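Chains as they are written, first to last, in this note's numbering: chain V, 1 to 412; chain C, 1 to 412.
Be aware that one or more of the hints could be misleading.
As the list claims (entries may be wrong) - Calculated cross-link-like contacts (lysine-lysine; reagent style DSS-like; alpha-carbon spacing at most 30 Å):
#1 Lys400(V) to Lys47(V)
#2 Lys121(C) to Lys146(C)
#3 Lys400(C) to Lys400(V)
#4 Lys400(V) to Lys297(V)
#5 Lys146(C) to Lys89(C)
#6 Lys400(V) to Lys47(C)
#7 Lys47(V) to Lys400(C)
As the list claims (entries may be wrong) - Calculated from the model, a selection of chain V residues having no Cβ within reach of chain C, i.e. all distances over 12 Å:
#8 Ala50
#9 Pro143
#10 His175
Hints in this document: simulated from the structure, not taken from any laboratory.
Values in this document were obtained by computation on a predicted structure and should not be read as measured data.
C-beta: ideal position from N, C-alpha, C; glycine also.
Number of protein chains: 2
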Amino acid sequence: MRGGIAALIQGDAANAAMLMFIPMTSFHTTPRFPRGFRCASRNVGLKPAAKDLTLFVSDVEASAAAVFTRNHFPGAPIILGRETIRGGKLKAIVANSKVSNVATGARGVENARRMAAAAAKELGTDPDRVLVSSTGVIGVQLPVEKVEAGIRGMTADLQHDPLVGAEGIMTTDTHPKALSASVGDATITWVAKGSGMIEPNMATMLSYIFTDAALDAATLDRMLRTAVARSFNMLSVDTDTSTSDTCAILANGLAGGVGEAEFQRVLTAGCVRMTEILGRDGEGAEHLLRVTVRGAKDDHEARVIAKSVLNSPLVKTMVHGADPNVGRLLMAVGKCFECSIRPASTDAWINGFQVVQGGERLTFDDAVVRTALMAEVVDLEIALGVGAAEATAYGCDLTKGYVDENASYYSS
Amino acid sequence: MRGGIAALIQGDAANAAMLMFIPMTSFHTTPRFPRGFRCASRNVGLKPAAKDLTLFVSDVEASAAAVFTRNHFPGAPIILGRETIRGGKLKAIVANSKVSNVATGARGVENARRMAAAAAKELGTDPDRVLVSSTGVIGVQLPVEKVEAGIRGMTADLQHDPLVGAEGIMTTDTHPKALSASVGDATITWVAKGSGMIEPNMATMLSYIFTDAALDAATLDRMLRTAVARSFNMLSVDTDTSTSDTCAILANGLAGGVGEAEFQRVLTAGCVRMTEILGRDGEGAEHLLRVTVRGAKDDHEARVIAKSVLNSPLVKTMVHGADPNVGRLLMAVGKCFECSIRPASTDAWINGFQVVQGGERLTFDDAVVRTALMAEVVDLEIALGVGAAEATAYGCDLTKGYVDENASYYSS
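One chain only, chain V, in its complex shape:
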């Protein structure tokens, strides 16, 4: 065992050292908000009883940046969000689960606007200072009256625990997800959800980052894109890119200025850690799978090959069954037709144990590899011997639980 989900979330420094591909960063044992941020969540009747609506609020207006899904069928909240974020300023985020408000046409966009307006009214701000998100089933109209009624009075519930907000946006997630870390006097807090339909491009399902550091919108945007490229954009649960992916960062400035390099380092580390938490909680997952490719021709090829191994159903089931069928690693590297691969210089390791050398499977004790594959965190490393580029991709094993959850997601 290299950590486990509790260690992944709590993330003390010793554990961070074990997670060898991320910069060393200390996360707080219990996640907390930066100065001036609070949240509330409620059941407004979209789900039978569980919480289905969350409000995140900054006491003062915050600089903001966001990246959204590249899917050609963006949800109504994405269409509205691209408009909202142009202002570079946010006061709040309102997000619901259960219904994603995607493929709902003009009425869907109108409903997203009504949701922003309801939150703005409750908070005494303008609708264009409120970012809207929705997650859940595609192609169902949002019961917007329930959302409007539910938002009323939520300011009275606002509190300081980010996990409360994380709870209201869960779909198939098995636990609410939040992290926080310090950068000098400032704090960064990550809140996210996402378990299936996960191969983000530009951002993950829903991921919100809050900080009291003072940074302008343009700087936030640049830093967010840098962090996302190494983290959420290297995550895949099932190769399916959601129509609702959103990653937003709000900086309210209450802690004053910070060193940009240090802020970028911690921002990236937290995004990578949150990516690992999302991967470990992938639908049906029993393992966090990390694939690192070294010695690739360039960054693009390193990413393509890492994703190919990570997404191979045969590699994922090999990990799930702890079956030392390591030839599948070569198959998954070799099917990257357009990449530079030299069989004779290709080596591979499973949790540090070498299984392939020069393109040939080594003779080894199956029991050793089987044990390595039974760890909760499985690191697959491929050295290509072609160039100097490297990349790490994050995901999970493929289980019957994934099939179960997704064969009846709409109906249940």
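Assemble the complex: chain V is given as a structure, and chain C must be docked to it using the hints.
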């Protein structure tokens, strides 16, 4: 129900009409060989008891062409086969199951040569007239002495039923696969295997085509590539491209000349039909899934989008569970970032029942869509309204059976 596996294999004309995307062709009720072809299969000790070695023989030397996997880690038989096929002439094919002889280095290639030599000796021909194939676990050396001993005396077993040969090359296939059809006075016979690690590129797992038509090697090569592009190269069980994919055609000329256009038509129809049979017998599959994209900008985009929908785990599990979660079709189209997609002109049907119009989910009776999804053959059609190109991709649903088979393939 639109046919079922028995109908797919027997393929009478009425059934062919139901399978609407393939040219109308009558397949023989019981598959048979063209003049001058025979086969034999045996257990030579690679598997505990089931047949694991097959020999296909032409009485006279045949013109031949073949296409092989594009995986960067080709098996030893592929490395040798590329050399062999340059001669454009074959007398026999020898193929074993259980061990694929991939990632086995120089010793693997030497073992493949010994296998060709053993078959050539038994048949009184040259080793360069024998195509070798191996399929099974990657990274294990071939027990070549068992193969050599097993081949001895096989000429005495040669018979006229192609299903006998199909049986010796099965791995996770649930039944042996062979088809035949007439072209004028000539016959074409297809024999194939393949169930997992299936997203062929250049060919499917192992697929052999025999004909007594008189065609030279260059013509065969051109016709084979045309047929494969529309059939095996549009098949995916699990997005994993095998290291052993081989598709070969042998023409011994005993029936004399044929009309090339008619031969191409029947050749393609049989390859498409065999592709459907392989898809329906994908590991764990309970449905044959066909995705047709119309109105795409060009052929490349039509193929990319059809494959994206076909390979989406969320679409595959939707079909498996007969869950009318049709928004997933739009998600899978929309994640083709580089393709031309216009949400407002995008329509979709499930077995002829329209579920999406202009990028929005229609209001429909869930029970009707659920029933459509319960058919053994599920046709998903997407009309993009962008251009005039179209493509069909073939595959299957994703089930717990797939996870079961592949979590212990090496160990069991």
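Taking the hints in turn, this is what the structure says about them:
For the suggested pair Lys400(V) and Lys47(V), the alpha carbons sit about 25 Å apart, so the restraint of at most 30 Å is met. Of the supplied pair hints, the one linking Lys121(C) and Lys146(C) holds, its CA atoms being roughly 16 Å apart against a limit of 30 Å. For the hint linking Lys400(C) to Lys400(V), the alpha-carbon distance of about 5 Å falls within 30 Å, and the restraint holds. Restraint check for Lys400(V) and Lys297(V): the C-alpha separation of about 36 Å exceeds 30 Å, so the hint is violated.
Between Lys146(C) and Lys89(C) the alpha-carbon distance is near 27 Å, which keeps this suggested pair within the 30 Å criterion. A hinted pair counts as satisfied when its Cα atoms are at most 30 Å apart, and Lys400(V) with Lys47(C) qualifies at roughly 28 Å. A hinted pair counts as satisfied when its Cα atoms are at most 30 Å apart, and Lys47(V) with Lys400(C) qualifies at roughly 28 Å. Every CB of chain C lies more than 12 Å from the CB of Ala50(V), the least distance being 20 Å, so the non-interface label holds.
With 12 Å as the threshold on Cβ separation, the claim that Pro143(V) sits away from chain C holds: the shortest Cβ distance comes to roughly 15 Å. Distance check on His175(V): its Cβ is at least 22 Å (rounded) from any Cβ of chain C, clearing the 12 Å threshold; non-interface status holds.
Checked against the numbered hints listed earlier, the structure breaks hint 4 alone; every other hint is satisfied.
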